Amino acid sequence: MSAEVGPRVRPVSTSELSGRTLQGQGMAEVLQRKYWRGSLLFVMAAALAGAVSAPDFGHAQSRSARQSPEPVNSDSINANTIAIVSGNPNGTYLSIAYDLSAVLDDDNSFRILPVIGKGGAQNVRDVRYLKGVDLGITQSIILNTFRKTKELGNIDNAITYVTKLYNEEMHLIVSANSGISSVEQLDGKKVNFSDAGSGTQLSTRDIFERLGLKPIEVNMGQGDALKKIQTGEIAATVLIAGRPAGSVANAKASEGFRLLPVPFAKELQADYLPATLTSADYPTLIEPGHSVSTVAVGAILVAYNWPRNTDRYRRVENFVAHFFPRLAEFQKAPRHPKWKETNLAAVVPGWKRFPAAEEWLKEHGSVPEGIGDQRERFKRFLDARPKAASEDGTSVDRDRLFQEFLQWNETSESRR
Numbered sequence: 001m002s003a004e005v006g007p008r009v010r011p012v013s014t015s016e017l018s019g020r021t022l023q024g025q026g027m028a029e030v031l032q033r034k035y036w037r038g039s040l041l042f043v044m045a046a047a048l049a050g051a052v053s054a055p056d057f058g059h060a061q062s063r064s065a066r067q068s069p070e071p072v073n074s075d076s077i078n079a080n081t082i083a084i085v086s087g088n089p090n091g092t093y094l095s096i097a098y099d100l101s102a103v104l105d106d107d108n109s110f111r112i113l114p115v116i117g118k119g120g121a122q123n124v125r126d127v128r129y130l131k132g133v134d135l136g137i138t139q140s141i142i143l144n145t146f147r148k149t150k151e152l153g154n155i156d157n158a159i160t161y162v163t164k165l166y167n168e169e170m171h172l173i174v175s176a177n178s179g180i181s182s183v184e185q186l187d188g189k190k191v192n193f194s195d196a197g198s199g200t201q202l203s204t205r206d207i208f209e210r211l212g213l214k215p216i217e218v219n220m221g222q223g224d225a226l227k228k229i230q231t232g233e234i235a236a237t238v239l240i241a242g243r244p245a246g247s248v249a250n251a252k253a254s255e256g257f258r259l260l261p262v263p264f265a266k267e268l269q270a271d272y273l274p275a276t277l278t279s280a281d282y283p284t285l286i287e288p289g290h291s292v293s294t295v296a297v298g299a300i301l302v303a304y305n306w307p308r309n310t311d312r313y314r315r316v317e318n319f320v321a322h323f324f325p326r327l328a329e330f331q332k333a334p335r336h337p338k339w340k341e342t343n344l345a346a347v348v349p350g351w352k353r354f355p356a357a358e359e360w361l362k363e364h365g366s367v368p369e370g371i372g373d374q375r376e377r378f379k380r381f382l383d384a385r386p387k388a389a390s391e392d393g394t395s396v397d398r399d400r401l402f403q404e405f406l407q408w409n410e411t412s413e414s415r416r
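My numbering puts the last residue of the sequence shown at 416; the count rises by one with no breaks.
Keep in mind that the hints were calculated from the coordinates and are not lab data. Quick caveat: nothing in here was measured; it's all calculated off a predicted structure. One thing to keep in mind: the hints can contain errors.
Said to hold, decoys possible - The calculated DSS-like cross-link candidates involving lysine-lysine, where the alpha carbons are at most 27 Å apart (straight line), are:
| # | residue 1 | residue 2 |
| --- | --- | --- |
| 1 | LYS150 | LYS131 |
| 2 | LYS214 | LYS189 |
| 3 | LYS352 | LYS148 |
| 4 | LYS340 | LYS362 |
| 5 | LYS190 | LYS214 |
| 6 | LYS362 | LYS352 |
| 7 | LYS214 | LYS227 |
| 8 | LYS189 | LYS252 |
| 9 | LYS189 | LYS150 |
| 10 | LYS340 | LYS352 |
| 11 | LYS266 | LYS228 |
| 12 | LYS228 | LYS189 |
| 13 | LYS131 | LYS190 |
| 14 | LYS150 | LYS214 |
| 15 | LYS266 | LYS252 |
| 16 | LYS227 | LYS189 |
| 17 | LYS150 | LYS352 |
| 18 | LYS148 | LYS252 |
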């Protein structure tokens, strides 16, 4: 990823956040304590500086008075800070949350607080129950899973989506010397489904179940999994994340790793999309000019379905007003390349969009200012592309068309 710009942000873990909030402290108290700790350190530093420059005390005092910062309104900080639970450094969620902070932060008038999370499944739980969390990144298929299990109660009335972000590709890594050449050969073998509670875990279970395969599930981080592949303790590891993913890039062909193709089987076509991993994504894992077929699932931004005229509703509404008009700024360097896939108007089948987001799209149109020329390019793409007889206009078809358009657009740009 290119050099990052914008304010430096220390991601906050969900354990840190929940440890404070679940003991009866609201988000306001957490931030207020941090503010006063910082103020105390500032006062101590100022006192030390004054002691060193004692001979010029009068001049220093007048200069300090002129330069003293304006008092910070803690209520304003809390009201204008949006907490987004993301993922760990292995995947793409944390990069996306940081990008939101880097682009949208405006001192204390509006801030994004990236929160390190466990991944897609736990992020939905955190949005549903954890105090202080406003938004979360997850996978669309996970909402369907919670609907079936009813673990979170009536999730249809509790969770809404703000927008679809991008597609996450399934990365299936095996040892190059294992003799495993197809996903079917993993049946009955130990396979790492990534961390417990992650989106990878639930989506991988769903994919293998649909394919009629029963590998033995184990759960660990990707770094540990790569070592166990080398020792033969497990046969494969799975990570579902937006390409390029840092932990997958660590699995080099020169160290005996290989990406295994995942077929776009009929059983997957209702909820997943075909995808491709290329040598441009992973130059140390895929030979130049080659590619690996796989499947992808949509990453979405979700929010709790807060009632209107509440502070929590206003926070998400404020986020929409800041983020939607500035999408074009996310779709160029040094932001993560996955932003180029974001289509604010994309529909997540079977789920309700957060009302403020729906209203923004109706008022401003589906294409924000700055990327309106994509509308004309998309029209040219559709005109140049023959329609397949199997296309029925479903949301999955529209998603698939948009992904084809992005590839077509990249090819067109490269020819200029």
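Quick rundown of the hints versus the structure:
1. LYS150 <-> LYS131: 21 Å, holds
2. LYS214 <-> LYS189: Measuring from Cα to Cα gives roughly 8 Å; hence the hint holds.
3. LYS352 <-> LYS148: 17 Å, holds
4. LYS340 <-> LYS362: Holds, because 22 Å separates the two Cα atoms, which is no more than 27 Å.
5. LYS190 <-> LYS214: 10 Å, holds
6. LYS362 <-> LYS352: 15 Å, holds
7. LYS214 <-> LYS227: 23 Å, holds
8. LYS189 <-> LYS252: 22 Å, holds
9. LYS189 <-> LYS150: Distance ~30 Å between LYS189 and LYS150 Cα, so the pair is violated.
10. LYS340 <-> LYS352: Holds, because 24 Å separates the two Cα atoms, which is no more than 27 Å.
11. LYS266 <-> LYS228: 32 Å, violated
12. LYS228 <-> LYS189: Distance ~13 Å between LYS228 and LYS189 Cα, so the pair holds.
13. LYS131 <-> LYS190: 37 Å, violated
14. LYS150 <-> LYS214: 24 Å, holds
15. LYS266 <-> LYS252: With Cα atoms ~31 Å apart, LYS266 and LYS252 exceed 27 Å; violated.
16. LYS227 <-> LYS189: 16 Å, holds
17. LYS150 <-> LYS352: Measuring from Cα to Cα gives roughly 17 Å; hence the hint holds.
18. LYS148 <-> LYS252: 38 Å, violated
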